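S.K.: Each chain, letter by letter, is given below.
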Amino acid sequence: MANNIRIAAPKTVRKGEVIELKTLIQHAMESGYRVDKRGEPIPRKILQKFECFYDDTLIFEAEFHRGVAANPFLTFYTRAENSGILKFRYTEETGEIFEDSVEITVK
Amino acid sequence: MKHLVKRRDILKSSLAVSFSLTTPALALAKTDDMTAAILDTFGRLPKESDAILLKIPPISENGYSVPVEIEVESPMTNKHFVKKIALFSDRNPLPLLAVYKLTPRSGLAKISTRVRLGGTQSVHAIAEMRNGDLISAKAKTLVTVAACVIL
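Chains A and B, in that order, give the protein sequences.
So that you can map any letter, position 93 of the first sequence is 93 in our numbering, and since no number is skipped, the others follow by simple counting.
So that you can map any letter, position 44 of the second sequence is 44 in our numbering, and since no number is skipped, the others follow by simple counting.
I should point out that these hints are in silico values taken from the structure, not numbers from a laboratory.
Computed from a predicted model, the values in this text were never measured in an experiment.
Watch out, some of these pointers could steer you wrong.
Derived pair list, reagent style SDA-like, types lysine to any residue, alpha-carbon separation capped at 25 Å [to be verified]:
hint, chain 1, residue 1, chain 2, residue 2
1, A, K87, B, K101
2, B, K83, B, L134
3, B, K79, A, R14
4, B, K138, A, R14
5, B, K101, A, L58
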């Protein structure tokens with residue numbers, strides 16, 4: 001399954017500005033409560049963790065449980081201190097990691 | 001007569017005593033799954049506060065995806081910031097929905113996301129501050145189509 005990550009972040013910002021970051025990942029977040037057409041339970045498979053790194057510094061972290069909707073969507077904020085790379089990392093309970101990053105320029 | 005009145009008083013007071021003794025036990029019996037989940041996450045119970053703003057639509061047509069927005073009043077400096085925000089549901093089979101860990105680098109203690117809700121209920125947001133304060137807010141939503149029903 002291709003896990004498409006979408007990130008919305010401003011490209012250029014002023015120093016010290018608090019910026020909004022939005023991210024969405026395509027993932028079923030299978031809760032383990034559902035059954036398929038034959039009545040067999042669909043095994044649980046969820047993303048457990050989301051981390052956002054600003055130049056390798058962890059600035060925001062989220063822990064997902066089964067009550068998080070499919071295709072998890074998240075909006076959060078950060079203070080832009082310097083030009084750099086924002087890395088978005090999702091960890092599935094299977095251990096698989098999905099990552100994407102964006103670059104921001106501080107003027 | 002005097003004797004009777006006295007006896008009544010004694011009865012009343014003994015009733016009062018038994019009541020005061022049973023009340024804490026009753027309160028304990030009411031400790032539900034959500035309270036247990038809150039204790040499990042934070043180790044104690046929060047105080048309700050206006051410093052948290054929890055926005056959720058009053059009517060959610062689709063319980064599989066309910067938008068939630070949480071904002072906590074905080075300067076988000078190295079000394080004063082929100083460390084953790086957790087979302088709880090008082091009706092889902094699993095009360096803990098999500099936990100967010102913030103840092104002073106967050107700049108603003110505001111998060112929005114989408115959750116699954118298994119019916120009409122209150123969603124609770126709890127925030128733990130750097131100084132140890134634990135505060136909460138709740139908001140009710142009417143869910144038309146509940147999530148977690150077996151189709």
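S.K.: Hint by hint, note whether the structure agrees.
M.R.: Right, here's what the structure says about each hint:
1. A:K87 x B:K101: 16 Å, holds
2. B:K83 x B:L134: 10 Å, holds
3. B:K79 x A:R14: Measuring from Cα to Cα gives roughly 24 Å; hence the hint holds.
4. B:K138 x A:R14: Given pair K138 (chain B), R14 (chain A) is violated - Cα atoms ~35 Å apart, limit 25 Å.
5. B:K101 x A:L58: Holds. K101 (chain B) to L58 (chain A) sits at ~10 Å (cutoff 25 Å).
Checked against the numbered hints given earlier, the structure breaks only hint 4 and satisfies all the rest.
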